[in-house]
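J.: Spelled out from the first residue to the last, the chains are:
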Amino acid sequence: MLAKTKCISPWGITPVEIEIEVNISKKGFPGFTVVGLPGKTAEETKERVKTALQNSGIEFPEAKITVNLAPADTPKDGAGFDLPIAIGIMAAAGEFVIDESSYYLGELGLDGRLRPGKGVFLLALAAKERGIKQIFIPSECSAEATVVGGVDIYPVINLRQLIGFLKGKIEIEQAKKEDEAEGWFDEPEFNFSEISGQELAKRALEIAAAGGHNLILSGPPGSGKTMMARALSGILPQLSDNESMEVTKIYSVSGNIPPGASLVHQRPFRNPHHTTSTVGLIGGGSVPHPGEVSLAHRGVLFLDEFPEFNRSCLEALRQPLEDGVVTISRAAGTLKFPAQFMLVAAANPCPCGYRGDPKRECRCTSWQIEKYQKKISGPILDRIDMHVAVPAVDITKIVNHENKGDTSETVRRRVEKARNIQRRRFSKLKKIECNADMKNKEVEALAQVTPEATLVLKQAVLKFGLSARTYFRLIKVARTIADLEESVTVTQLHMAQALQFRVKSE
Amino acid sequence: MAKVYLENLGWKIIDQNFYTRWGEVDLIMDDGEKLVFIEVKYKSTANWGTPQEMIGPHKLRQIKLTAGLFLDRHPELRKKYESFRIDAVCIGEEIKHYQNLDG
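Chains as they are written, first to last, in numbering that gives the first Met the number 0: chain R, 0 to 505; chain V, 0 to 102.
No lab work stands behind these hints: they were computed from the structure. Note that the Cβ used here is the ideal one computed from N, Cα and C, for glycine as well. Treat the hints with care, since some could be wrong.
Calculated lysine-lysine pairs in the DSS-like style (CA-CA distance at most 30 Å, straight line) [claimed, not checked]:
1) V:Lys63 with R:Lys63
2) V:Lys58 with R:Lys25
3) R:Lys26 with V:Lys42
4) R:Lys25 with V:Lys95
So these bits of chain R aren't anywhere near chain V, every CB distance computed over 10 Å [as the list claims (entries may be wrong)]:
5) Gly163
6) Thr274
7) Arg411
8) Thr453
Excised from the complex, chain V in its bound form (with noise of 0.2 Å):
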């Protein structure tokens, strides 16, 4: 659902679900201008809490951490991106999107 919604925007899909023993980055995508990696969330209620809540510190540095592993994995991406990004998805009862977690 994320992916249709970012795709919808524009943004070309690299990866998904890149996974490693640190942690997972669910989409990699390119907006056009940088390469971003995207935490997706998904609840169906409420009622154990929001998507946002589920983001933390934490998971905030499991991503940089994996996005770190991705890259050197992929020294042509490397080259070709100038600037990287973390966003988040986060769909509750509709899609919200948060650009730069980092910053």
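Next comes chain R alone, as it looks inside the complex (with noise of 0.2 Å):
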């Protein structure tokens, strides 16, 4: 007997749709195999699926049982295929009469129990565009697929429950979209107003929120570069419903929603550990996981230490920082992440971090400090919009509670501000949120800049030898900055404020 059944495997985050065929045949020895590219997870499913239905009370039928995955020439993985498989060989056993315009998704426990699993929401999404009448999938993640909509959802508790269902003999209660259902937030650790002094660091990352500009911090330990990069998460403004799609493709994919909750509304804050691979930065392996910059799409990337990552990691971020997506290259074929993100960057000036400091003396040798900055090479220097120096923390500042500053609602507030000026000019171009996704083409139709502010940049281009790029990335700063301030055209003033973040004064 065979049955087909059918579930969803990502592609990078494209759904494709994976045929599930089981044949059972009485004649030869008894046994059971899987086909069509299966990873080790996807491979293991056989004593999980035997055991499981063996616990539901069903019979594991004693016969030659053969599953194919198909396409077979695509590279499949996860557990997810438990259930489709489960439900497959019960139908090839004559058990129940299966409707084929369903998809199923889940992996099973020993039990029988379905567990929380990754691809829910782009399970969903796939079914509604193809028109699935059904979906199945474990409980604990209809949330994910009912902010959807558009397709019949079964949350599924156990595989007894479903067993009885598909006979008609029980009924499952569709999952229905909750009102209050609202992606988890976490508190940002630090609020703005806890930074005391760095007021001119506050303010670039202010612009950087603003426009989703790119950022390098550097100065002294204990100067509070950490701590600012991660107060700026409570500053960020929320994920309009386009991005908050977007993003939550890309967790559902990783299987970074935590069980419960359904769309990401709060922008995602990565921070990887300098010891990362590139694979694990970029995203990769055999069947293609998306790494730390897509996980960051819409958000911050916070690269800590920046020049003690692996300088092969660190050139591989060139293309994501231009394009804005990652292209992989398998055997299987090409795909795409999306990784348009926020680079913020702390650095040591010098290998002692003291460089430059007034108090504390330097303690390296010239040639450790040009080895030190060898290491971020001058393409990614030039991709980073903004060079912010932050120098020591006067200590009598923090001791005396001084300097105390806007809180990050009040700073937010302002951000969100701005981002709806920008929104409001781009409301036309797709794929643009913020002044840092402009390309050329949209810096010279839309940044309006006023002739003053021009010269003024020509002149500091001239005067520093900065490049084509850092042109372009100029005005698209000097672009939020006028954002924040209402203004409708870039002036002189805004130029002039761009350039003091660019321009090292020697």
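Using the supplied hints, reconstruct the complex from the two chains, each of which is provided in its own coordinate frame.
T.: Here it is as structure tokens:
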């Protein structure tokens, strides 16, 4: 007997429909084989399915069982195939007849319980697109699917329940969209008002947050670089609906959505350790999975101790920084992960950390400093819009609780206002959400730079020998500064402010 | 028990418990056409798993290797039979006979 069930397997973040063919042959030596390029996890499904069926009161057919995951040449992995395989086996054994227009996804426990798994959101999206009638998913993930809607969603607790339903003995209540289905929200560790002094750096962070610009903070140890970068997540605006869908897709594929949560509303903040491998950062693997740059899509990628990262890792950032996508080529095909992130890097100026500090002497030799600074290549620095020096904090300011400044909430309101202006500007353009996303064409068409400001920029570019890329990036930063001040045009003043974050006074 | 079962089918015994350092073949019989190597598995109760579960790819490889060695030692049999086969007889609550494990 032959039975077919369907499931979705992500190829990058594109859903691929997998047809699971199960054949039970009474002739031949009993056994259980899975073919169709299953990964290790998908291969091990045999033991889980067999035990789960036995523990759900189903007699496992003593026959030769062959499972084919078609298309056979797409590599697939993950435990999500457990459920469709189990259902396929029972259907092939003649336990019940199944509706072809359904998707099944879920990892089985040995007791027949369905565990929450990856890719439920993607499955629901694909089901809606392809006009599938019903989907069966682990009950803990139902919130993820209900935000999509358009299909009948059956949350399944365990195999026994689903068997009863398919035999028509019991009913499973369909999952409905809940109004209070809100994304989870992490409280940021630090509030902006907790940062004493560092007005220039705080201003830079505000501009960066408002326009989505890349930023590097450099300063001696203990000056608060890390603290400021962490406080950044508190001033970032909420994700728009479009952005939220994009981010949720990536999170769903990588299994980063906690059970019970639905759409992601908070901007991602990723801070990988500096020992991260290139694959971990960029994404990859034989069945490619998204890396940190993609998990930081529409959010912040914070690289603390920037020069300590592996050189090849940093150089691999070049393409995503420029294009906003990561392209991964494998024998089985090429795929793209979105990676429109805001890079925030923190670095010391030299190995000992105190170069340029007024109070402590730098103990590094010039050779050491040169070697250290060479770790970050020119092309990478060229792609970073704002270079901010963070000097050591004046300790008396901390002791006296001086200079508290604005709280994160106040700053965020300003940032959101600036973002709204940008959204209106780019309302006709797809894929552009903030100033930093603009390509050169859009910069020329939409930035509205006054002739005086252009002159200032021209002089600066000639004097400091800045690159063409920097030229456009500077206009974008100036545009954001103008947006923060709700100015229609970019004036000399805005341009000069943008320049101070870029031009080093040697 | 398996031997009796197969002899009732009209098969002729050629050797039994053929043993080498790489493995063992329980029965070697002639089914009238082919030379058959037979693995016999016996389980008194199903509590510790079924006999079928005890025969995996590793066991199959052992039988194949041993069968090859058997044929090396008996070149006259290699000439006599045109083809060979591996079977299994599993004895649990009932006797089950599976033909041609390797194909």
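J.: Quick check for students: does the CB of Arg411 (chain R) sit more than 10 Å from each CB in chain V?
T.: For Arg411 (chain R), whose nearest Cβ neighbour in chain V is about 61 Å away, the distance exceeds 10 Å, so it holds.
J.: For the pair we were handed, Lys63 (chain V) and Lys63 (chain R), check the Cα-Cα distance against 30 Å.
T.: holds (21 Å)
J.: Far enough from chain V: is every CB of that chain over 10 Å from the CB of Thr274 (chain R)?
T.: Answer for Thr274 (chain R): holds, closest chain V Cβ roughly 40 Å.
J.: Once the closest CB in chain V is found, is it more than 10 Å from Gly163 (chain R)?
T.: Since the minimum Cβ distance to chain V is about 27 Å, Gly163 (chain R) lies beyond 10 Å and the statement holds.
J.: Regarding the pair Lys25 (chain R) and Lys95 (chain V), is the alpha-carbon distance no greater than 30 Å?
T.: holds (12 Å)
J.: Keeping to a limit of 30 Å between CA atoms, is the pair of Lys58 (chain V) and Lys25 (chain R) held or broken?
T.: holds (22 Å)
J.: Would the non-interface assignment of Thr453 (chain R) survive a Cβ cutoff of 10 Å against chain V?
T.: holds (74 Å)
J.: Holds or violated: Lys26 (chain R) with Lys42 (chain V), Cα cutoff 30 Å?
T.: holds (22 Å)
Consistency with the previously given hints is maintained throughout, with no hint failing.
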